[in-house]
Amino acid sequence: MKQTLTCVVILFSIHFVLKTEKLFKREGIGHDVIPVPREISSDCGMAVEFSCREKERVLDLLSSADIRIAGLYIRDGKNSFQPISPENIAQNAVN
Amino acid sequence: MSPTPASIYCDNAATSFPKPREVIDAVSSVLSRVSLSPGRSAHQFSLECSRIIFDTREALAELFNCHDSSRIAFTCNVTEALNVGIFGLLGVKLQPGDHVITTALEHNSVMRPLRYLGKTADIRLSILPVADDGEVMVSELPRLMQDNTRLIVANHVSNVTGAVVDVEAIGRDKGDAVFLVDAAQSAGVFPIDVVKMNIDMLAFTGHKSLLGPSGSGGFYLRQGLSLRPLKMGGTGSNSETEIQPDFMPDLYEAGTPNTLGIAGLGAGVRFVGSTGLTNIREHEQKLCRLFLDGVGQMKEITVFGPAADKERAAVVSLRVKGKSESEVAQSLDRDFNIMVRAGLHCAPAAHRAIGTFADGTVRFSFGLFNTEADVAACLKALEIISKK
Numbered sequence: 110m111k112q113t114l115t116c117v118v119i120l121f122s123i124h125f126v127l128k129t130e131k132l133f134k135r136e137g138i139g140h141d142v143i144p145v146p147r148e149i150s151s152d153c154g155m156a157v158e159f160s161c162r163e164k165e166r167v168l169d170l171l172s173s174a175d176i177r178i179a180g181l182y183i184r185d186g187k188n189s190f191q192p193i194s195p196e197n198i199a200q201n202a203v204n
Numbered sequence: 043m044s045p046t047p048a049s050i051y052c053d054n055a056a057t058s059f060p061k062p063r064e065v066i067d068a069v070s071s072v073l074s075r076v077s078l079s080p081g082r083s084a085h086q087f088s089l090e091c092s093r094i095i096f097d098t099r100e101a102l103a104e105l106f107n108c109h110d111s112s113r114i115a116f117t118c119n120v121t122e123a124l125n126v127g128i129f130g131l132l133g134v135k136l137q138p139g140d141h142v143i144t145t146a147l148e149h150n151s152v153m154r155p156l157r158y159l160g161k162t163a164d165i166r167l168s169i170l171p172v173a174d175d176g177e178v179m180v181s182e183l184p185r186l187m188q189d190n191t192r193l194i195v196a197n198h199v200s201n202v203t204g205a206v207v208d209v210e211a212i213g214r215d216k217g218d219a220v221f222l223v224d225a226a227q228s229a230g231v232f233p234i235d236v237v238k239m240n241i242d243m244l245a246f247t248g249h250k251s252l253l254g255p256s257g258s259g260g261f262y263l264r265q266g267l268s269l270r271p272l273k274m275g276g277t278g279s280n281s282e283t284e285i286q287p288d289f290m291p292d293l294y295e296a297g298t299p300n301t302l303g304i305a306g307l308g309a310g311v312r313f314v315g316s317t318g319l320t321n322i323r324e325h326e327q328k329l330c331r332l333f334l335d336g337v338g339q340m341k342e343i344t345v346f347g348p349a350a351d352k353e354r355a356a357v358v359s360l361r362v363k364g365k366s367e368s369e370v371a372q373s374l375d376r377d378f379n380i381m382v383r384a385g386l387h388c389a390p391a392a393h394r395a396i397g398t399f400a401d402g403t404v405r406f407s408f409g410l411f412n413t414e415a416d417v418a419a420c421l422k423a424l425e426i427i428s429k430k
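Top to bottom, those sequences are chains A and G. First residue of the first sequence: 110, per my numbering; consecutive thereafter. First residue of the second sequence: 43, per my numbering; consecutive thereafter.
By construction, these hints were calculated from the structure, which means they are not laboratory data. Note that the Cβ used here is the ideal one computed from N, Cα and C, for glycine as well. Watch out, some of these pointers could steer you wrong.
To be verified - One-sided and incomplete, this derived list gives chain G residues near chain A with beta-carbon spacing under 7 Å:
id, residue
1, 129
2, 215
3, 281
Stated by the list, open to error - Covered by chain G, according to a simulated footprint, are these stretches of chain A (three or more residues, beta-carbon under 8 Å):
id, stretch
4, 118-125
5, 146-152
Hey, can you work out the whole structure from these sequences and the hints?
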């Protein structure tokens, strides 16, 4: 995973991080649950990192599972993240 | 010297005992292996605790046919859950002067908040009565409904008589009113389907038939319904802001949760699932029928509540002629090692409805781990006590 470009999805709370983790495990999507990078937010939560190759599939899955996304980033350096614009993020159902 | 008989626990309506080994192990495992700050720190212990809590939420969602486990919030018991529901609706769906309907068999965890709102917020209350056969007359609901009926609160099963309330019928006839079900005595024994029963909020406890430890419980709240939370504070989410998150479960879960209790509750719910609700209920109802058949033959004993051939929980309230309830309970405990509960069971309204206020009754409540031998011992003890 370190050699490919990775994406980091920020969820609204640990509940949705774990719901995403469960979904990724079920769908066989490689992932890592990481602390929310300080460069992105000072929130004391967790985020889910995965290969950007899976981005479209992930967005579809999260949308189908009614999991709202708080943010989506590409990791373009060890501590550097570029936000993916909202237009490129699938719209999820509102809670 | 004869050996002391092994103790026989018949107070499962208060709390279930014993707990499955899996529940004890779950609590012990969390306590000894990981620190207990889920959803706050970013380390592996915190994440493991968060997973334990998440898994318990998912197990409860499956049990209640809730499609989104984020709609389940944890509290320290069902009393707290009911208070969150009743007080949390004030100013949201319930305004001063509005009307609420409840049943005649409610526990004080419902009656006290409602009476308080009656005194302080001019909430008008109507009560669904109990028929002579011990059943709540749900058919009276349409007659009691008013234009400003905003809330209906009903316990699914009475903790005094074991009567089962037809909550599905209430869900059908409730109109726009919020329907809050107190599942303290039913969760883990009777099927609860929040979708089919049209339940807006379900309050449950962890330490009765869900077989978890005390200090656990919570509620389900349907999508689209929001309550004023009881408490606000740290949630491990939205930490940059001083505003409480507006999404579940965080909205209702400020503060460090009772991870130990929730871990035990999760193990209990999974145990219930693997044993099977129907198997549990059939076992308990069989014991209850045996008990009712036995006391039915003792002319000194009066039973209050539904007959043995009705759908009921294994909760039996009785009186022994010529003996006070506390005297009977004390004799059962000291002379026969049988544990029951005497008095009003925190439900004076229910005792008024069945005619046993203010002395109350002796309550036997059988659980999953009671046996036919336990029932036989109880009957033998009652026979001796009643003839003394």
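Verification of the hints:
no. : hint    : result
1   : 129     : violated, 23 Å
2   : 215     : violated, 29 Å
3   : 281     : holds, 5 Å
4   : 118-125 : holds (count 5)
5   : 146-152 : holds (count 3)
In summary, the numbered hints that this structure violates are 1 and 2.
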